[in-house]
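As they're listed, the protein sequences go chains A and B.
Going by our numbering, the first residue of the first sequence is number 105, and it counts up by one from there.
Going by our numbering, the first residue of the second sequence is number 17, and it counts up by one from there.
Honestly, the hints are just simulated from the structure, not real lab data.
Please note that the accuracy of each hint is not assured.
[Stated by the list, open to error] Calculated cross-link-like contacts (lysine-lysine; reagent style DSS-like; alpha-carbon spacing at most 25 Å):
id, chain 1, residue 1, chain 2, residue 2
1, B, Lys103, B, Lys181
2, B, Lys189, B, Lys103
3, A, Lys238, B, Lys189
4, B, Lys103, B, Lys92
5, A, Lys210, B, Lys52
6, B, Lys52, B, Lys181
[To be verified] Computed from the model, here is a short list of chain A residues facing chain B with C-beta under 7 Å:
id, residue
7, Cys159
8, Glu178
9, Leu249
10, Asp253
For each residue, glycine too, the CB sits at the ideal point set by N, CA and C.
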Amino acid sequence: MILLIKRSCRSLLSVFALLLLLTPAQAVIQAYEFDEPEQREMFNRLNEELRCPMCQNQSIADSNAPIAQDLRREVHRLLTEEKADEETVIEFMLARYGDFVLYRPKMEARTLVLWFGPLALLLLGLFILFRLLKRHQPQVEDQGLSEQDQAALKNILNGKDHD
Amino acid sequence: MKRFIPLIVFIAFCGLLYVGLFMDSNTDLPSPLLDKPLPEFSASTLRNPEKTVTEKELAGQVFLLNVWGSWCPPCKIEHPYLVNLAKQGVNIIGVNYKDERDNALTWLERLGDPYQYNIVDAEGRFGINLGVYGAPETFLVDHNGVIRYKHVGIVDRQVWEDDFKPRYQALEKAMQEDVTQ
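Next comes chain A alone, as it looks inside the complex (with noise of 0.2 Å):
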C-alpha cells in the first residue's frame, strides 16, 4: 500500500516538475536593431526598470500586454532615433505615466514606509519574540531562609536526632 502512494508521489512530481518548465511564458521576441552594443545594454536596463501599466506587477521586460509592447518599441525608437540616454526615457514615461511606471519605486520621503516597512515590522517582531521569551525563562530565586526559618529547622533537626 504505502509502496503505491510512494510511487504515485513520485509520478506527481514529475509531472509537476516538466509543468514548472513550460511555464516561464518568455515576452514576444523582437528583433530589436541598434546602432551601438551600449544601446541594447541601455534598452534591456530600462525594460526592467519600467513597469508594464496593464499588468501593473511585471515590468515591460516581462509583459506580454500589447502597451508593454508598445512601450518597448517606444524606447527602442528614443534610444536609435533620439539618441535619448538612460534619464531622458525614464523622464518620457515618468511624464506621461506617473510615478507608479517606475518597477522600483523612487526613494522619497513618501516612499520611505514602502521601502522599509517590512523590515521594521521584522524587527519588531524579532524584538517582541526576544521580550517573551525572556519572560518565560523560569526565573530561579535563591534567596536563602529567612534567620527565623534557619532557628525553626535547627530546631526540627536537633528535635529528630534526639528521639
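Take the given structure of chain A and dock chain B to it, following the hints.
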C-alpha cells in the same frame, strides 16, 4: 491589562479591514497630465483620411476625448451611453486607438457615431503621449486644450453624473466668462 493587547491589536486590524471594504480600490494610475495641455500631434481623421488635424484644432470648446477601438469589448458596452450624451449636446471627439480604419467605420455604422470626428492613432503613438494603457479611456479637455480630468474605463451614467458632468459644466461656464471678457 497586558493580556488584552493581542485582542486589541486584532480588533484594530479588523476595523482597518472593515473600513477598507468601503474604500475606493482604485488601481488606475494617477495621471500626470492633469492640468497640462494636450500633447502635440498630427493625424488624419477617420472618415476623411486626407484631412489632417492637430492639437490646435481641438481648442475652442469643452469636450470629452474618448479613446476607443473596435477590438475593445468594454468600448462596445460604453458606446450607447456616449451616443446618448452626444444627443444631449455633449461634445465628444474620439481617438481611434490601434485600430483598422475599415473595422472602425463598420463599428460606428452598427453602433452609432457620437463623435464630432475621430483622430486616427493606428500605431498608438498619440495614446502613449496621453498615458493611455488600455481602452476605453476618456479625458475632459477645456476650451484652451488643457486636460482637466481623466477616467480609465467605461463611462456610464454614474461616472458621468458623479465625475464628469459637474466638471464639464464648470468648464463651460469658465469658457463663457472667458469669451465675454
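Going down the list of hints, with the structure as the test:
Only pairs whose Cα atoms come within 25 Å are accepted, and Lys103 (chain B) paired with Lys181 (chain B) is accepted, the gap being roughly 15 Å. Simply put, Lys189 (chain B) and Lys103 (chain B) have alpha-carbon atoms about 20 Å apart, close enough for the 25 Å limit, and the pair holds. A C-alpha spacing of about 70 Å is found between Lys238 (chain A) and Lys189 (chain B), which places the hinted pair above 25 Å, so the restraint is violated. The suggested pairing of Lys103 (chain B) with Lys92 (chain B) holds, with an alpha-carbon distance near 18 Å, which does not exceed 25 Å.
Only pairs whose Cα atoms come within 25 Å are accepted, and Lys210 (chain A) paired with Lys52 (chain B) is accepted, the gap being roughly 23 Å. With a C-alpha separation of about 20 Å, the suggested pair Lys52 (chain B) and Lys181 (chain B) falls inside the 25 Å cut-off, and the hint holds. The beta carbon of Cys159 (chain A) comes no nearer than 10 Å to any beta carbon in chain B, farther than 7 Å, and the hint placing it at the interface is violated. Among the interface hints, the one on Glu178 (chain A) holds; its C-beta lies about 6 Å from the nearest C-beta in chain B, closer than the 7 Å criterion.
Among the interface hints, the one on Leu249 (chain A) is violated; its C-beta lies about 33 Å from the nearest C-beta in chain B, farther than the 7 Å criterion. At about 34 Å, the closest approach between the beta carbon of Asp253 (chain A) and any beta carbon in chain B exceeds 7 Å, and the interface hint on this residue is violated.
Against the hints set out earlier in the document, violations occur for numbers 3, 7, 9, 10.
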